[in-house]
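When you get a sec, could you build the whole thing from the sequences and use the hints?
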Amino acid sequence: MAKAKDIRELSADELQLRLRDLKQEALNLRLQKAVGQLENPARIQQVRRDTARVITKMNAAKSA
Numbered sequence: 001m002a003k004a005k006d007i008r009e010l011s012a013d014e015l016q017l018r019l020r021d022l023k024q025e026a027l028n029l030r031l032q033k034a035v036g037q038l039e040n041p042a043r044i045q046q047v048r049r050d051t052a053r054v055i056t057k058m059n060a061a062k063s064a
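Everything in the sequence shown is counted per our numbering, starting at 1 for the first residue and increasing by one.
Simulated from the structure, these hints should not be mistaken for lab results.
Take these hints with a grain of salt, some might be off.
[Stated by the list, open to error] With a Cα cut of at most 25 Å, we get these calculated DMTMM-like pairs of lysine to aspartate or glutamate:
(1) Lys57 / Glu14
(2) Lys33 / Glu14
(3) Lys3 / Glu25
(4) Lys23 / Glu9
(5) Lys57 / Glu39
(6) Lys3 / Asp21
(7) Lys57 / Asp21
(8) Lys3 / Glu14
(9) Lys5 / Glu25
(10) Lys5 / Glu39
(11) Lys33 / Asp6
(12) Lys62 / Asp13
(13) Lys62 / Asp6
(14) Lys57 / Glu25
(15) Lys23 / Asp13
(16) Lys3 / Asp13
(17) Lys62 / Glu14
(18) Lys3 / Glu39
(19) Lys33 / Asp21
(20) Lys62 / Glu9
(21) Lys57 / Asp13
(22) Lys57 / Glu9
(23) Lys57 / Asp6
Computed from a predicted model, the values in this text were never measured in an experiment.
What follows is the structure, given as structure tokens:
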């Protein structure tokens, strides 16, 4: 799980890369869940929250 402090320190390009990586990880976790190979179900929620944090930071940067 990413700390809010860590996300605040990322540049716009790094945020884009982080968002892409999080979305890819979310996809992989959903696929693992579908086939019954998911070891840590809580990780899905963590990835969703981290994705929301990154999107919020990106939107705040656009507004400022």
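Right, here's what the structure says about each hint:
1. Lys57 / Glu14: Holds - the C-alpha atoms of Glu14 and Lys57 are around 12 Å apart, at most 25 Å.
2. Lys33 / Glu14: 28 Å, violated
3. Lys3 / Glu25: Since the Cα atoms of Lys3 and Glu25 sit roughly 18 Å apart, the hinted pair holds (cutoff 25 Å).
4. Lys23 / Glu9: Distance ~20 Å between Lys23 and Glu9 Cα, so the pair holds.
5. Lys57 / Glu39: 30 Å, violated
6. Lys3 / Asp21: Distance of about 16 Å is within 25 Å: holds.
7. Lys57 / Asp21: 16 Å, holds
8. Lys3 / Glu14: The hint holds at about 15 Å.
9. Lys5 / Glu25: Cα-Cα ~21 Å, so holds.
10. Lys5 / Glu39: Distance ~28 Å between Lys5 and Glu39 Cα, so the pair is violated.
11. Lys33 / Asp6: Distance of about 28 Å is beyond 25 Å: violated.
12. Lys62 / Asp13: Since the Cα atoms of Lys62 and Asp13 sit roughly 13 Å apart, the hinted pair holds (cutoff 25 Å).
13. Lys62 / Asp6: Satisfied, since the Cα-Cα distance of roughly 19 Å is no more than 25 Å.
14. Lys57 / Glu25: Roughly 19 Å separates the two Cα atoms, so the pair holds.
15. Lys23 / Asp13: 16 Å, holds
16. Lys3 / Asp13: 18 Å, holds
17. Lys62 / Glu14: Cα-Cα ~15 Å, so holds.
18. Lys3 / Glu39: 23 Å, holds
19. Lys33 / Asp21: 18 Å, holds
20. Lys62 / Glu9: Measuring from Cα to Cα gives roughly 15 Å; hence the hint holds.
21. Lys57 / Asp13: 12 Å, holds
22. Lys57 / Glu9: 10 Å, holds
23. Lys57 / Asp6: Holds - the C-alpha atoms of Asp6 and Lys57 are around 11 Å apart, at most 25 Å.
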